[in-house]
Amino acid sequence: NAGVTQTPKFQVLKTGQSMTLQCAQDMNHNSMYWYRQDPGMGLRLIYYSASEGTTDKGEVPNGYNVSRLNKREFSLRLESAAPSQTSVYFCASRALGTNQPQHFGDGTRLSIL
Amino acid sequence: QKEVEQDPGPLSVPEGAIVSLNCTYSNSAFQYFMWYRQYSRKGPELLMYTYSSGNKEDGRFTAQVDKSSKYISLFIRDSQPSDSATYLCAMSARSNSGGSNYKLTFGKGTLLTVNP
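Heads up: the protein sequence lines correspond to chains A and B, in order.
For what it's worth, this note's numbering labels the leading residue of the first sequence as 1, then goes sequentially.
For what it's worth, this note's numbering labels the leading residue of the second sequence as 1001, then goes sequentially.
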């Protein structure tokens, strides 16, 4: 089973360029999430989608937009990339119901020069 | 004060040692507690999931929750080189409809190395 798939795995951008990170899950999960992970900062929530058709801001949403395209797919867009957005980005999904954990993809490593 | 505090380490132990990893938290609304393991260049994977205070055992891993002290622990017995990874604690509050809330709050992770 593929689980949560993120594309691309690596990307280098120049300051000011735009970029969309893609995430797809094949587990029929309702909720999806985008995190960034930086050294010494841990995982921080950027945006999440509790269910298809809804999106909400997390802890660090500035500079990002999201689209819940359908139940399977949740994309993260950087409209004008900045060096401070250099990070590893993780997508996660979670099934509906009580006590369901989040399942993570393997990340997109993004460098902005 | 951060909601979740976790010693980043690094922690280096010999093979076969008992490892103790810990997190403290300040938000009394947290009711659900998780431990994730993250290998280098991989996403976090769920190791343990607990709700109530007390111990939960799964093979060589034991998760312990003390809600009165706002303290959780993960113990690894007979540690192996394959246990070398970053361990992240995570927790969530109860949602209005019951069960775990949608959002997790993570500790910063502890880097563990088990030496052969």
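Don't read these hints as lab results, they were simulated from the structure.
Be aware that a few hints might be false.
Listed next, the in silico BS3-like pairs over lysine-lysine satisfying Cα-Cα at most 25 Å (straight line) [unchecked claim]:
{"no.": "1", "chain 1": "B", "residue 1": "Lys1056", "chain 2": "B", "residue 2": "Lys1103"}
{"no.": "2", "chain 1": "A", "residue 1": "Lys57", "chain 2": "A", "residue 2": "Lys71"}
{"no.": "3", "chain 1": "B", "residue 1": "Lys1067", "chain 2": "A", "residue 2": "Lys57"}
{"no.": "4", "chain 1": "B", "residue 1": "Lys1070", "chain 2": "B", "residue 2": "Lys1002"}
{"no.": "5", "chain 1": "B", "residue 1": "Lys1042", "chain 2": "A", "residue 2": "Lys71"}
{"no.": "6", "chain 1": "A", "residue 1": "Lys57", "chain 2": "B", "residue 2": "Lys1103"}
{"no.": "7", "chain 1": "B", "residue 1": "Lys1103", "chain 2": "A", "residue 2": "Lys71"}
{"no.": "8", "chain 1": "B", "residue 1": "Lys1067", "chain 2": "B", "residue 2": "Lys1002"}
{"no.": "9", "chain 1": "B", "residue 1": "Lys1042", "chain 2": "A", "residue 2": "Lys9"}
Checklist entry - Failing hints, ascending? => result 3
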